[in-house]
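S.K.: Starting from the known structure of chain H, fit chain A onto it as the hints suggest.
Chain order of the listed sequences is H and A.
One point on numbering: in my numbering, the residue at position 52 of the first sequence is 52, and numbering is uninterrupted.
One point on numbering: in my numbering, the residue at position 444 of the second sequence is 1444, and numbering is uninterrupted.
Read the hints as simulated data drawn from the structure, not as lab findings.
Here the structure is a predicted model, which means the values were calculated and not measured.
Even for Gly, the Cβ is constructed at its ideal location relative to N, Cα and C.
Incorrect hints may appear among the rest.
[Stated by the list, open to error] Where chain A lies over chain H, by a calculated footprint (3+ residues, C-beta under 8 Å): (1) 58-64; (2) 247-258; (3) 444-456.
There are 2 protein chains.
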Amino acid sequence: MKRRLLLFWALLLASSPARAEVRDWVEANRAAILSEYVGLLSIPNVASDTPNIRRNADKLVQMMRTRGLNPRLLEGDGPTVPPAVYGEWLVPGARRTLVLYAHYDGQPVAPEEWRASKPFEPTLRSARFDRGGEVLRLPRPGEPIDPEWRLYGRAAADDKAGVMAILSAVDGLRAQGRRPSFNVKIFFEGEEEAGSPHLAGILSRNKALLASDGWVIFDSPAHPSGAKQVVLGVRGITGADITVYGPNRPLHSGHYGNWAPNPAMSLSRLLASMKDAAGRVAIAGFYDDVTPLSAAERQAVQAVPAADAQLKAELGLAGGEGGGKRLVELIQEPSLNIDGLRSADVGERARNVIPTTATATVDMRLVMGNDQQRQYEKLIAHIRSQGFHVTEAEPSEEERQRNPLLARVVKRGGYNAERTRLEHPLARDVVQAVRAQGATVVLPTMGGSLPLYLLSETLGAPSVSVALWNYDNNQHAEDENLRLGNLWEAIAVVGSIMTMPQPPPATPRQAAPAR
Amino acid sequence: MKRRLLLFWALLLASSPARAEVRDWVEANRAAILSEYVGLLSIPNVASDTPNIRRNADKLVQMMRTRGLNPRLLEGDGPTVPPAVYGEWLVPGARRTLVLYAHYDGQPVAPEEWRASKPFEPTLRSARFDRGGEVLRLPRPGEPIDPEWRLYGRAAADDKAGVMAILSAVDGLRAQGRRPSFNVKIFFEGEEEAGSPHLAGILSRNKALLASDGWVIFDSPAHPSGAKQVVLGVRGITGADITVYGPNRPLHSGHYGNWAPNPAMSLSRLLASMKDAAGRVAIAGFYDDVTPLSAAERQAVQAVPAADAQLKAELGLAGGEGGGKRLVELIQEPSLNIDGLRSADVGERARNVIPTTATATVDMRLVMGNDQQRQYEKLIAHIRSQGFHVTEAEPSEEERQRNPLLARVVKRGGYNAERTRLEHPLARDVVQAVRAQGATVVLPTMGGSLPLYLLSETLGAPSVSVALWNYDNNQHAEDENLRLGNLWEAIAVVGSIMTMPQPPPATPRQAAPAR
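Same shape as in the complex, but just chain H (with noise of 0.2 Å):
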């Protein structure tokens, strides 16, 4: 099997000649490639911010008409909504069409928690900031660049880096006078990181345009060995805010302590109570409903190298949940994890005081077979075993004067997991394809959620992930980061995946023989 799995890669390599060529034009390219994307880096991109996000969206178009991308704006349902952009590149003959995915927001920033550079004054460093990288100026054409660089910016790597890749291997294939081997259409979200809000909308009001055999999504990390990924599935989400409630106004802890109850001693036993000591969920039923993996993707599983020591090491973890499993292992299976925590004030800012609130935010991660709802429910009801009575709008002070555990729950939003069979042909030639690029690994589904539930409901269409940025990359919080050399590595898989071999012509079925 592994003989004729090598045999099959020299072949393919043999019959490939994209490998080389577009490696070749990013090579002599980069200085060119790279000061393109601090431009769009430096149009700050939260979906929030609709001035921004039309700057952002008015650049991709411009960017794209260069291209001969035919692009579009496919608008939300107001102003105010950030559009999608669209391009595609239409081939002749192709039996295939796919969609290529990126998206352009960014994750809300803190700017006074950056400091390897302002959010979006993108900044390139020698190395990692807190391993003593220095700034640098950007590379003149021609100058060496060193793959090991980083630049520092909102969106560096989640997302515009996929914008920028796709984008650069149309420049590639066009430069060297090549042609994709299916249609190209390319669509770059413009509120993902805001939850994607609108996207059924836009998707299913525009079904013909983005009718295709599936997407190719460039949104997430690589393995933390440094290899490639393909990922077949994302988990889906939900989560809820918890707000347990104690005396209707900040008390006095000596002259009511211990006799009050106190909001943040309860929630503490709550929380404490949906996992045991090994990191499992105590909830009931939380484990139920998950479909198992198939034979193949348990064997995928097993096959990706273990990282787990190195990332340890790296996060300052000694310790762990999942009671010895590893991290792929955990990731395909359900979880719930503690966003934050707020009660009156810690530290400096504290007061001798009983809270009036005490609040926790969880999100739950869900697999295959979960339901959003179903799962939020059970969340719901292990929260009544433990005695509270649960509201979702503010507790009246009948209700408060009524029940001694009070939790005001509020969700937050909700979606399924989705998973693309690694069968199905479409996972099938694209992790032919990246696997052409250097090492490779194929993840049944990522830890993260994205709403590709969305993509099977609105539009029939399976996807495929192809994960490619540093995993040390600070996405969804300060001093996110790209390293160079990834960007220069997507942007070959995009090539190698624009010019697959298409899928052998459609066959009229075979009748089966009469009986």
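M.R.: Only chain A this time, still in chain H's reference frame:
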């Protein structure tokens, strides 16, 4: 027993002409007292506001001088330290010297939150503002004054009311041609609400001047039932900021959730381990060391009228800690309270991350027998018993790598409880003098903390606190107010204390018979 007490009181009342007389003087002079008090409350009195604090001190010197109290300022170690204002009324032949204490500074104000008055524009209202009380002009002499009227302004209760009651009682006695039964020393502190940082210095520099047989402190609210309170002690206090560590950068909860340990969960589990479901502190030995109440003290606690149901209704509380014990019983015990929680963010600002740290601030109240350092060490031992490695400083990368559970614990000051025994002559005599003025609750300790240990450590003086302000006076918050009836009662109480019977003459100790 009950009959004997009644008989005793009847005799006491019959033998003490002070009760009716000081009351009579107050009744005839209410408008004048009120007018002088409004003048005093008009001077802003936040301890950090040096020019105005000096104006207050000068005003008090002037008020004492007109009363013949031989005033002087007791300065701290610099011009920005609020001085204490000292006065005295020495009585030839007195067999006892007592210091009457109040403080003239008030809590800081947030003027925009005040609705019933501006903080330093005292305003008379016909009832509580939030119950429809309307603004009244100040009454002229002879006009009727309803005891339910409220005077709004910062320090109207806490604690210029103490200052005013003491000085008015002096007026009453002088007007009646009477004199106190002990050497009266008056001590008005100017930075109590700032935590009395210079009090120890002022006391130790004036040991001879302040030599006494005890302090009587007028600085606390009456019992919610309306009864006057004599409080014989305060709880001590210590506390800690507890920070639990997770990954050294915020991690995406999808990619790393249920693998990386979550510090918010570890902290919740730790906090939950500190108390059982009934609110009993589960830290080993937490209730050891406590000096039990004497039979008389237990009896006093039992005699305190129940206010729990009324309080719970007002505070919107259905449950409570302490397994059904009453508030007044619970404050006789050491306590542990969570003051606040912080980890990443919640609600709209939440992100789907595994936070890097989670912090709780806790306070611990101490009773007689507890040593603040020893109690703190029990907390540390408990945290260790839950598997945590405990550091005082920010942990090193090496400590993070080595310890699955890691907590940084920083001590928040601390001092011990203080209590004067109910059997002490000072306590006994003050209780009798207050009881002579109406229903009185005697508490072995209050729930709050004051650094009374300073008095015993620096001056060797016992202390008794007489608590007289309406309990709904909003002290420390906006719309602080004093119910006028409580001021009239307070003046009568101070008069009663100032004229309480002298202790019997000291007799030479009877030698034990030789065996």
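S.K.: All hints, please: hold or fail.
M.R.: Now for the hints, and whether the structure bears them out:
1. Note: the region 58-64 of chain H has 0 residues with beta-carbon separation from chain A under 8 Å; the three-residue rule is not met and the coverage is violated.
2. Coverage of a stretch by a chain is defined here by at least three residues with a beta carbon nearer than 8 Å to that chain's beta carbons; for the region 247-258 of chain H and chain A the count is 11, and the condition holds.
3. Counting residues of the region 444-456 of chain H whose beta carbon lies closer than 8 Å to any beta carbon of chain A gives 4, which meets the minimum of three for the stated coverage.
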